[in-house]
Amino acid sequence: MNQDQALIRVERLTKHFPITRGIVFQKQVGAVQAVDDISFNITKGETLGLVGESGCGKSTTGRTILQLHKPTSGKVYYGDVDLTTASSAKMREMRRNMQIIFQDPYASLNPRLTVGSIVAEPLEVHNVGTAQERQERVRELLDLVSLNPHFINRYPHEFSGGQRQRIGIARALALQPEFIVCDEPISALDVSIQAQVVNLLEELQEEFGLTYLFIAHDLSMVRHISDRVAVMYLGKIVELAERGELYDHPLHPYTRALLSAVPIPDPLEERKRKRIILEGDVPSPVHPCGVSFPHSLPDSRSDL
Amino acid sequence: MTPEKQLEQLVDNNKDLGKSRSPLQDAMREFRRNKIAVGGMVFVVFVMIVAIAAPVFAPYHYATQNLRNNRAKPMEGYDILVSYAEKECHWYNTPLEWGCTVFIAGSDALGRDLWSRIVYGTRVSLSVALAAATVSLVIGLIYGTVSGYSGGRVDNLMMRIVDFLYAIPLLPIIILMTVYFNAVSRQGAESGLMSVLINLDRLAGGLLFVFIAIGALNWIGMARLARGQVLSYKEKEFVEAARAIGAGNGHIIFKHLIPNVLGPLLIAESMAIPGYIFLEAALSFIGLGVTPPTPSWGAMINEGYSGIRSNPHLVLFPGVALSVLTLAFNFMGDGMRDAFDTRLRGRN
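Chains A and B, in that order, give the protein sequences. Going from the first sequence to the working numbering is simple: count from 1 and add 458. Going from the second sequence to the working numbering is simple: count from 1 and add 50.
Watch out, some of these pointers could steer you wrong.
Below, computed lysine-lysine pairings styled on DSS-like, alpha-carbon distance capped at 27 Å [said to hold, decoys possible]:
id, chain 1, residue 1, chain 2, residue 2
1, A, Lys528, B, Lys123
2, A, Lys533, A, Lys502
3, A, Lys485, A, Lys502
4, A, Lys485, B, Lys284
5, A, Lys548, B, Lys305
6, B, Lys305, B, Lys284
7, A, Lys528, B, Lys85
8, A, Lys730, A, Lys533
9, A, Lys485, A, Lys548
10, B, Lys284, A, Lys548
In case anyone wonders, no lab produced these hints; they're calculated from the structure.
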């Protein structure tokens, strides 16, 4: 990967959440190693899919890149700027370039604000334009995400999940960012709505040349949208490859197990599908044992 | 239901289809459906009007004495102004030219019209309710928001202070302070904190310590509630979204947290108001509330209860007024809680 093209460079990023005990004098008794020493690049204009099971640190990775969590160690570069050491004023400026779309469209919109003020909020915070211009821009944005601009004075509770997610997308687009973290943007939606939202994201990417970090656990959706896919397991990236490469020739046993769990939308094929069942549980992220992948795999060796 | 009526209702239902309803409007609609709560609110509003326009509703000033007519029974009185002949006056046989003094609710031991005193007493009860609610809301909201938003050590320390205050029986301390203050203020003071307090007390109509007492006792619960709300809201994704935008703490607190926290706090306040009114009555009953002759329902009950057998009306009327007002506030608070609690209604 050419370093010059990389929009986002993540180097040895680690995020540990401390576990403390004691009421007055707190002492740290351990740490949840949510993200453990991961490195990757995201090229301008591409979509990097990030998959893995619940609790493997996908969302934490996305949020730590945006500095919503302070990383324990490691670096995140946006172009040439090191976000981990940027001053708060610089960081505020940088936030115009990167945004996030959340999983739960019910929690990500303030129930007390109208759609208009939700979408206008980024503009207000960064003092973009006059009130009139902001209003105009909000209408434009709502139109962009296929919502009726007349909805500007409505409240979030009056919308369906898919519509709410569009409002969230409109808010993310308000400052014309280059990079968007999509934190499971479709997991909470109906299957029938998922395709709409994914298509919208793709159209927007084409129109504005956006770069996505697409976090999901739906492998077929990730395959559809991503250029490259990273597989996370217990805070580590175990495999990172071009989309076709990863789906056709998975190398890591965990990737194989994950792929084998994807249902095939054809009953005859589906009947022949063989799942690789991992034995035992995922080790606790508090005390990961020495082996990074401790499961025994029944037939992984034989078909290597 | 007749077809016309059904059609009417359909039109009615669709009238606001194009309009948008804010959560507040939704709650108001829900509140209006609750008959008892609306009744409570109507009564509270009525009492407010009575308090503001007390001279209109009260035939006499609360301190006007009519010593010949002390302990008059309700609807009775004696003609003293015209003839001094001690003619008996009754509401049913009183010729107007006598200029008879008839007391609707009777008169107390000093010959003051009980009804007028009850009417003026609403001022004390309502101002205590309003002041105590405002004081505890403001202090509780600020303290709880700061504590919950800061989190970590600051939160821990601030909450331990609250626990500490909660453990101390504040009421006896406040009673002691009031007694001391009253003793000093009788002597008067020229300068310093004491004179400021005395002036404030005069401004508050002798209720300063009642306000302080009730505020000091009740902000603690409000602070805990506010903190809990802030803790739950600051983890919500819309707060994280604001942070991702680059919003500062002030923006997050004022635009996202306080509007969401304020609702439950206001409801808690409206549920607590009957308690404030009762506490004022209790303090006045033991002689620590208003200074005479300002009428307070609690003080009136205290004055009347020694003669409860011979003159039950002296206790009965202020007691009923107190009970009905607290009940009305309770109904109103209950209705507000139900209206704002969206969980009881589902998501639409």
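Hints the structure fails to honour:
Going through the list in order, the structure violates hints 1, 3, 7, 8 and 9 and respects the others.
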